[in-house]
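Engineer: So the protein sequences, as listed, match chains L and H.
Under the numbering used here, the first residue of the first sequence is numbered 30, with each subsequent residue one higher.
Under the numbering used here, the first residue of the second sequence is numbered 30, with each subsequent residue one higher.
To be clear, the hints were calculated from the coordinates, so they are not data collected in a lab.
Where a beta carbon is used, it is the ideal one built from N, C-alpha and C, also for glycine.
Don't take every hint at face value.
Quick list of the computed label-pair ranges, beta carbon to beta carbon [stated by the list, open to error]:
1) Val84(L) to Asp297(H): 30 to 40 angstroms
2) Leu82(H) to Asp495(L): 20 to 30 angstroms
3) Phe135(H) to Glu61(L): 29 to 39 angstroms
What follows is the residue order along each chain.
2 protein chains.
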Amino acid sequence: MNQYALLHTPDSRYCFAVGKNEIVIRLRAAKEDENMRVFLVYGPKYQFQVEQLEVEMTAHYEDNLYKYYEKRLQLDDVRLAYIFRIEEDGEKYYYSEDGLTKEYSFPEAFYNFFQMPYINENDRIETVDWMRGAIFYQIFVDRFRVGNTDKDISYVNMRWGEKPTPKSFAGGDIRGIIEKLDYLEDLGVNAIYLTPIFLSKSNHKYDIEDYKKIDPMFGTLDDFKELVENAHARNMKIVLDAVFNHCSMKMDKFQDVLQKGRLSKYYDWFLIHGDKPDPEKMNYECFAACNYMPKLNTANEEVQEFLLDIALYWIREADIDGWRLDVSDEVSHDFWRRFRREVKAQKEDCVIIGENWHDAYSYLMGDQYDSIMNYAFTKACLDYFARGNFHAKEMAEKLNAILMRNTAPVNHMMLNLLDSHDTHRFYTEVGKDKKKLLCALALEIVYPGATCLYYGTEICMEGGYDPDSRRCFNWNHEEWDMDFFHEVQELLKLKKKDILRYGIVRVSANEDVLCIERRLDRTRFILKINLSEQECDGVEPEGYKVIEEVMS
Amino acid sequence: MNQYALLHTPDSRYCFAVGKNEIVIRLRAAKEDENMRVFLVYGPKYQFQVEQLEVEMTAHYEDNLYKYYEKRLQLDDVRLAYIFRIEEDGEKYYYSEDGLTKEYSFPEAFYNFFQMPYINENDRIETVDWMRGAIFYQIFVDRFRVGNTDKDISYVNMRWGEKPTPKSFAGGDIRGIIEKLDYLEDLGVNAIYLTPIFLSKSNHKYDIEDYKKIDPMFGTLDDFKELVENAHARNMKIVLDAVFNHCSMKMDKFQDVLQKGRLSKYYDWFLIHGDKPDPEKMNYECFAACNYMPKLNTANEEVQEFLLDIALYWIREADIDGWRLDVSDEVSHDFWRRFRREVKAQKEDCVIIGENWHDAYSYLMGDQYDSIMNYAFTKACLDYFARGNFHAKEMAEKLNAILMRNTAPVNHMMLNLLDSHDTHRFYTEVGKDKKKLLCALALEIVYPGATCLYYGTEICMEGGYDPDSRRCFNWNHEEWDMDFFHEVQELLKLKKKDILRYGIVRVSANEDVLCIERRLDRTRFILKINLSEQECDGVEPEGYKVIEEVMS
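Could you put together the complete structure from these sequences and hints?
Structural biologist: Below, the structure written as structure tokens:
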């Protein structure tokens, strides 16, 4: 047995509650250990020394090195003690906090069993239910649709459809989105994520001057309220972008510090090295190397309150359904914990989605975010669909590895995406291969979590890196590929199925075919993707197939 | 290379800040891979794609399977991106979020580097400085010393020195402790941990009726204040026991629920299955299976406030220096987070020590406790000194494994102990072998963290499991082994050395000799323990030796 591969950590992604008295326990082992059998030996914490139950575990997930045994347990006493018993080639081992041993002393178990000490209601990770079936549409507001033709358009400096530069303004606005809610509903969208809409000089508005004011380029508070109301009337959710890592240097607080230096009462709102911030010298902390985006000091109680007030204001005032957190990994855990407490107290099913490009486990254990933008999924899709780095087997392994990064309740809330305003467009990445894009969309819909479409994906919009991925939406229907459009519509409809929202998931590969299976009660839903040039397992070349079957 | 053994997790015990712009990075690998060289490839997050620095890492810790490479880095930009480069037998590999690969694409690094996204001040784990050099003395109050001879002693039902039963009362009190502060100071103690002292019917007082009242058996509020003042005058800290998992069924709130059931405003303070708690049926959550200790519902806001008020009251009123948290692993993380915030706001260096017998990593990342009672250390000492389960090498491996469970700032706050009111006495466990007990104490002092002596260890008190480990202190000096006592005194003095408080630690074994080394600047402090029956490496049989040397 490869004992180096064994891994279990209590109170973690390897042991977590999924209900009032239900838990999931995972054990990692080496994939190569084929003759291994794993048994969970368990019992109520205060009786474990004298009496244990036993149940065999099954390996449900495999990545490139490891397999993951998993068991879902219903408990009478929610204080659980457990260890693992492993059998291989006639040998018997125990795996406890003391590692792998040939013997295990149950009378001294109190020192080294694993445990779920108690399932406390306020520690349980709850899935925001609507995220399971959400089809998000991400809108970069300046480029989606001009709705208000009466406004002052003196800031618009490009013709709709021209190639954008970093400083282009095309005139898109909130009224444009309101106008197109029918369109989005018809497409199959039930949630909209808007990049920032608050007062800001830039087209992207990630440098915010006033967090409580809708930017006049985009509209008014009334426009925004109307958008939310109309969306809600369609059972559609609205998620906004919380740019809380940094602000614009034009925000009044930073301006005050620019003028007064240490004498400003906002000096400690920022992280300044010296008596006065100097944009030339950049002697203060910023986002990346952008001197016009000073970093906010979220260790400062006043800053915390300032930001929390904004977060709650938009829920209270406009009834938004979630916050996507910009550069959230650079903001303090301490702040996000407080943010969650207050946001969830205001609106329980308000979703919190971090922009963490990396393993965000330390933010996803129930005390901070619900979810992240799943860029690990994006990268896997690039490797599989665009780069040819992965065959079906490697893709299956990677998709399993991503699932094993987090607890099950979190996996059902992940915001899966193929591209965004911060990447190349996926359609461009796959060399404008529509069949590959459809296969990727099918995967995104069948894989657990929410699906996020970047605006224009449904009409095969192209684009390289920023600003090219932020082109104007092409409203000339005559230039659309309607076959493609209708196929996207059909795919999105699948997400309505309970099995894709609640079913367990199994990912595997059969030669050239990637296979995503969901199971719920007696129903199986299977997606098969074949990227090869031959038909394989009944799936056409560069094609996909969905099968739904009821088992007896 | 055994790639199954490789492990690194960002924002965890494998990567953590130890200062404003200083971090520690660890990588786990297989011990057997002797020809392996590991390099940290790193750079500021937003430049990593184009430019990287590189530094070799060293393996400082070895357990039974793994070795742990570690590097402490000073940063200019506190947003760090990094991966590992590994060389073995002429082959070159990279280890990133995508695992071990032969190639690594720096242009696409943003998807899969590891990172320390930003060192936020309010996320940093700070070491409570006095814990590094603390010598705790744990007192079970009823059995240490009778000080007040004027009190009503009608509750006392045993003669001092008799063998205690679970229901014995011997009459020990706070005044007795005040009387013996000179004694404790002379012994070398600089912190006292008292088992509970609040109103309660039992001798142990873990079933509390009134958390703001000192039990009259033990004294008055004035007595307790006098104890703290006199201790502080000696630079001695006082830590109390926070029994917040459960209370006594006699507490007024539970009594109210017993009478009124669901109609009581305290019904939701407890976890009751049914309309009314029934002690006969035990239809409510309790500590263990003790119906007289109902569990408190810390998901209830009012309960949180009730308990926090108690925690702050004793800091404010009596200026205590810390809380030891009873059955803390069964209480919600959510509550401990709030507890930490409020306790630290009141008194920054007030220490928070959990009673977690198991790997408590999920409580020790800076948002909940500072420390735990280090029962894993206790178990290792039992295996090595008492049971003969470990040779020196296995003990070194286990001590390294325990160090690698947590971050460095936490290791310096661990409450290391050989025994407590919840175990057999260590002296009894080692078969009354004083030389072994002295070796174990030497280890406890030289190993990083605070040292905790259970009352009477210095006079070789014996005792099996509760109630036998709670015997009365023997104040008849004529029966003491003064040679032993003086040697304990000498050992405790060592903890005053800066090197034992701030030095880095290396644990190894040389044949039969266990070797604990601390290093600070140019000084090395070495403890060698030889449990064999022959002299070995200059250490006498069943003996220890300390060496302090200055390196050129």
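Engineer: Each of the hints needs a verdict: does it hold here or not?
Structural biologist: Hints, verified against the model:
{"no.": "1", "hint": "Val84(L) to Asp297(H): 30 to 40 angstroms", "result": "holds, 34 angstroms"}
{"no.": "2", "hint": "Leu82(H) to Asp495(L): 20 to 30 angstroms", "result": "holds, 28 angstroms"}
{"no.": "3", "hint": "Phe135(H) to Glu61(L): 29 to 39 angstroms", "result": "holds, 31 angstroms"}
Comparing the model with each earlier hint shows no violations; every hint is respected.
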